[in-house]
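Undergrad: If you're matching them up, the sequences are chains W and B in order.
The opening position of the first sequence corresponds to residue 2 in this note's numbering, with each subsequent residue numbered one higher.
The opening position of the second sequence corresponds to residue 2 in this note's numbering, with each subsequent residue numbered one higher.
Treat the hints as calculated values from the structure; they're not laboratory data.
Any given hint might turn out to be false.
Since the list gives no way to pick out one identical chain from another, each pair is judged satisfied if it fits inside one copy or across any two copies.
Cross-link-like lysine-lysine pairs, in silico, DSS-like; alpha carbons within 25 Å at most [claimed, not checked]:
#1 Lys30 / Lys47
#2 Lys200 / Lys21
#3 Lys144 / Lys94
#4 Lys6 / Lys109
There are 2 protein chains.
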Amino acid sequence: MSYTKTEENYLKAIYGLESKFGKSVSTNKLANKLETKASSVTDMVKKLAKKELITYKKYQGVSLTKCGKEIAINIIRNHRIWEVFLVEKLGYKWDEVHEIAEQLEHIKSEELVDRLDDFLEHPSFDPHGDPIPDKKGNIPTRKEAIQLNELAIGEEGIIVGVKNTNNEFLQYLEEMNLTLGKKIKVEKVFDFDKSKIIKTEKKKVTISKEVSSNLIIEKS
Amino acid sequence: MSYTKTEENYLKAIYGLESKFGKSVSTNKLANKLETKASSVTDMVKKLAKKELITYKKYQGVSLTKCGKEIAINIIRNHRIWEVFLVEKLGYKWDEVHEIAEQLEHIKSEELVDRLDDFLEHPSFDPHGDPIPDKKGNIPTRKEAIQLNELAIGEEGIIVGVKNTNNEFLQYLEEMNLTLGKKIKVEKVFDFDKSKIIKTEKKKVTISKEVSSNLIIEKS
DNA sequence: CAATATTTTTAGACAAGTCTAAAAATATAT
DNA sequence: ATATATTTTTAGACTTGTCTAAAAATATTG
Ligand SMILES: [Mn+2]
Ligand SMILES: [Mn+2]
Ligand SMILES: [Mn+2]
Ligand SMILES: [Mn+2]
């Protein structure tokens, strides 16, 4: 069984919203995420329900079935492996790959992504620090990952991920030298707005609460 | 300006048939090539004509405009570069890549194929010996290429291309050890059916006229 | 709890691309 | 040159995914 690009994008969006909010996904949330109208979502959601990829009760939102979830995770796997390829092999920057991966993730071939995965030597995380599901759908975890937010004065860690993968944010981080793998130390926390002074190997930077809550750190 | 996958496939098909037959392309030929119906072709052809990608006069067939030709060549460039990638980097065999390249050729990104081209070190020919157009649309040529057909007894050459890229034919060639880069010598020609005995480095094989007219050779 | 606001669904329409069946144009054969 | 065959176009319909406007259901609030 193979699905259209649109169906795959709906499933992926449902998966994302389900994970984020931990409950069934409303028509409006989905419409917003997919940049379409609620009425379009209602139509598509009926189709996916008939194919048993989601469960749907009128006015009650949707959630993925086992099968729908498998498909969603597979698309995410494709997306992230392609992102690794684009950065590692073609020299793209981390803020340039998402759009292209959105297209590449829908290429229909059982084998292609597996071969790409071999070629890339089975990466566990993508260029934004997001975990890459394996062929069976298992998603790698990091035991010790916390938000930079939760790091106290004097504590150190390594940047291993970003929560927000918005291009402008990624470019900002690049300029601040706060990219994946960088070692950082909390120098100071301003209580009134929770902004922090962060020491990296090269320089000191001040970041807002907004920024520190979007950086994933492994304590060291 | 960006075009749909369908539009791109029509342009590519028209390009192929125009090159092959050297005249304007009929509705039926196009329908046959694209595995669709003549009525569908008529509809689409009107659309492409309105966009000035082809010229079309009712009952007279179509041909590409300069702009349409540029697009077609670009898609062919994408296709062939992806085929090189699949074979050279992911270890696919030459009979396994066409289908996937049919999908990958439509990925929308000015930059992607250029970067891939750099990564592959600017190949001039794809895994089937077909020339890869450059960014500007220039298509590399081989001065000395002839059909194995035209090689007389005792003459030698190197296989540099196949005219027919049908999977079964490619698999047959693989088994006969008649793949790209192989050195061959014509040992004997049977006049009654123009079949030939060919000596490769490893063994002697007998091939039909059909086969020898589909192999491109550089004399040596 | 009733009035109001918000969310969701329905109804009907549209664009892209395709199809079948029939009509019109062109090509071929007597 | 006329009849026949083939090719091409038109007409009308279908599917997928989308939209707007209006109706129905649910949520919020005084
Ligand atoms: Mn991404
Ligand atoms: Mn990512
Ligand atoms: Mn090909
Ligand atoms: Mn090829």
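Undergrad: Tell me the hint numbers this structure goes against, listed in increasing order.
TA: 2, 3
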